[in-house]
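Undergrad: Sequence:
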Amino acid sequence: MKIDEYLTSYEKLLDRIEKLLEEDKYADVMGLISEIDHIIALIDEEVKGLTKEQKDTIKPRAMKIIKRQESILASIDEKVKSIQGNLEMIPKLQRAAKTYGKNSQV
Numbered sequence: 003m004k005i006d007e008y009l010t011s012y013e014k015l016l017d018r019i020e021k022l023l024e025e026d027k028y029a030d031v032m033g034l035i036s037e038i039d040h041i042i043a044l045i046d047e048e049v050k051g052l053t054k055e056q057k058d059t060i061k062p063r064a065m066k067i068i069k070r071q072e073s074i075l076a077s078i079d080e081k082v083k084s085i086q087g088n089l090e091m092i093p094k095l096q097r098a099a100k101t102y103g104k105n106s107q108v
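Counting in the working numbering, the final residue of the sequence shown is number 108, and the numbers go up one at a time with none missing.
Don't read these hints as lab results, they were simulated from the structure. Wrong hints could be hidden among the right ones.
To be verified - Here are the simulated lysine to any residue pairs, SDA-like style, with alpha carbons at most 20 Å apart: (1) 21 - 66; (2) 14 - 63; (3) 57 - 27; (4) 14 - 34; (5) 14 - 32; (6) 61 - 15; (7) 27 - 63; (8) 27 - 85; (9) 57 - 87; (10) 66 - 48; (11) 61 - 34.
Unchecked claim - Label pairs and their computed distance ranges (CB to CB): (12) 39 - 79: 14 to 24 Å; (13) 62 - 23: 19 to 29 Å; (14) 69 - 27: 18 to 28 Å; (15) 44 - 101: 55 to 65 Å; (16) 77 - 43: 21 to 31 Å; (17) 54 - 88: 45 to 55 Å; (18) 66 - 101: 48 to 58 Å; (19) 91 - 70: 29 to 39 Å; (20) 55 - 91: 50 to 60 Å.
Computed from a predicted model, the values in this text were never measured in an experiment. We put the beta carbon where it would ideally sit given N, CA and C, even for glycine.
Let the sequences and hints guide you as you build the complete structure.
TA: Right, here's the structure in full:
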């Protein structure tokens with residue numbers, strides 16, 4: 003079935019994303035979004051032509067992929083929140099540095 007090829011492609015794409023996340027290459031991950039969208043569109047189109055039995059056959063694999071994708075998205079979300087927290091600290095650190103600079107000149 004063609005759907006198996008698409009699911010395999012999706013799994014390989016998730017493998018690439020996980021590897022890039024381990025290497026903190028978030029810009030590269032964002033570059034793969036169009037590939038994800040393309041594969042999802044192909045899968046959606048292919049699913050429309052499947053029988054109920056065929057859908058039941060691929061459902062466990064598809065659910066496993068979805069759970070893996072959710073885990074990856076949660077990991078990205080955690081990293082984004084961490085970066086946002088770091089960015090929010092910059093003005094505080096700048097004020098502290100200015101204050102320290104003024105106090106040390108006395």
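Undergrad: Hints numbered earlier in the text: which of these fail when held up against the supplied structure?
TA: 3, 7, 9 and 11
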